[in-house]
Structure formats: C-alpha cells, structure tokens
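Asks: Chain residues, written in single-letter form:
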Amino acid sequence: EAQVTQNPRYLITVTGKKLTVTCSQNMNHEYMSWYRQDPGLGLRQIYYSMNVEVTDKGDVPEGYKVSRKEKRNFPLILESPSPNQTSLYFCASSFRPGGGYTFGSGTRLTVV
Amino acid sequence: TQLLEQSPQFLSIQEGENLTVYCNSSSVFSSLQWYRQEPGEGPVLLVTVVTGGEVKKLKRLTFQFGDARKDSSLHITAAQPGDTGLYLCAGVNTNAGKSTFGDGTTLTVKP
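In order, the protein sequence lines correspond to chains A and B.
Per my numbering, residue 1 is the first one in the first sequence, and the count goes up by one each step.
Per my numbering, residue 1 is the first one in the second sequence, and the count goes up by one each step.
If you are wondering where the hints come from, they were derived from the structure by calculation, not from laboratory data.
One should not assume that every hint holds.
[What the hints assert, rightly or not] In the DSSO-like style, the derived pairs of lysine-lysine whose C-alpha atoms are separated by at most 27 Å in a straight line are:
(1) A:Lys17 / A:Lys69
(2) A:Lys57 / B:Lys70
(3) B:Lys57 / B:Lys110
(4) B:Lys56 / B:Lys98
(5) A:Lys57 / A:Lys18
(6) A:Lys65 / A:Lys18
(7) B:Lys110 / B:Lys59
(8) A:Lys57 / B:Lys59
(9) B:Lys56 / B:Lys70
(10) B:Lys70 / B:Lys110
(11) B:Lys98 / A:Lys65
(12) B:Lys59 / B:Lys70
(13) A:Lys57 / A:Lys17
(14) A:Lys69 / B:Lys98
(15) B:Lys70 / A:Lys71
[Stated by the list, open to error] Non-contacting residues of chain A with respect to chain B, defined by C-beta distances greater than 10 Å in every case (computed):
(16) Gly63
(17) Lys65
(18) Glu70
(19) Pro83
(20) Gly100
(21) Val111
Yeah, the Cβ is synthetic: ideal placement off N, Cα and C, and Gly gets one too.
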C-alpha cells in the first residue's frame, strides 16, 4: 500500500530533550515536506526537500532541523524542544511539488 | 509569505443542501489543491487544478480555478453527512517548492 508513515503517533516530552520524528514514504517520491497544524493557524510549512540532500526552509523553520540522506526518509529533528512547539505535525510527499501530496497520519507532540 | 484566505470558516447545513467554499489570494500560484481532513488524520487530496479557468468535477464536488490563478472554489451539490470534515485549499509554486495552506473550512452536514 502506497503510504507515508510517521512515528511516533503521540509523544510527550520535556523541554530541552532532543527528539526525532521519523517519516518514510514507499512511493519513490522526490518531494517531501513537514508541516505543523495549530488551531486557528492552519497548516504551516516547516521544511521541504526537493530531492536527496536538497532541503530548504518553509515558513516556520525556527527550532527544527531536517535531513534527506535517502529518498524515502525525511526525519524532523527538534534539538531543544520548547512548549511552543507543542503541535500536530504532518509529513507529506509527492512525485513533484504541486502534484498533490500524500500525508502521513500525524504526530501529536506535547512539550511540557 | 503568500496567504490563502478561505471562507466561510465554519458551515453547518442540512443534508441535501448545496454549498460553496472559497479560497482567495492576492498571489498567483502554479497549482492549487483541495484536501479533506477528518479529525485525527492527515489531509487527503481531492483534486489538483493547474490551468486558469479550469473546472474539475468529482461526483457531487465541482472545483474551479480562477482565470488569474489566484483563487478557487469548491461547490458541493446535495451535501451528505459523509461530506462532514475540514476542507483545506493549498497553493503551490512548483519551482520554489513552497506550499501555502488556507486555514480551512469546517463543514458539518446534519442528517
């Protein structure tokens, strides 16, 4: 089944403890992207990647890092999480930008 | 930062009614997408429109891309309770790789 898999689905952590949210797609898509979704603010793009080893900032990249060492994986790294990063995070992929995204099921992160 | 404004923000209607959701921007997009999202799940793509003036139909849903590629609309005919959900539009600039989502329209269709 073609899908984007995110892990974990739920995560509660403490301020300052580094964490990684994994994202993997099995559709050989070149384009991948991370979003956060907050009430009243909609989906905001954090980082995106046009291909392996090519990443770029979205609209809200502060406090996040990404890497794209392999085509299928695009992990999101929070080096020192803070409470304002409490949110619902989605990873998405597509054959090309603008081609329509396939989203993962989301990761609900709470930072206390 | 490009902005996409969706209206209305909330819509509650009876089964069988028609409705239209609007997505407007002052910016031009290479393509525009519509998604439907259910609670606790990721958005699911409904349609992508790429040509100014384009109209696409998906059963009871009709999508239109504005001539200037700055706006779009989603029209649902004879809404059903299964149409309930959050509808999101997203504008994409292909070369830049950036995408911008509207804040969404929460649709409730009552039986």
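Asks: Sort out which numbered hints this structure fails and list those numbers smallest first.
Replies: Hint check: 8, 10, 15, 20 fail, others pass.
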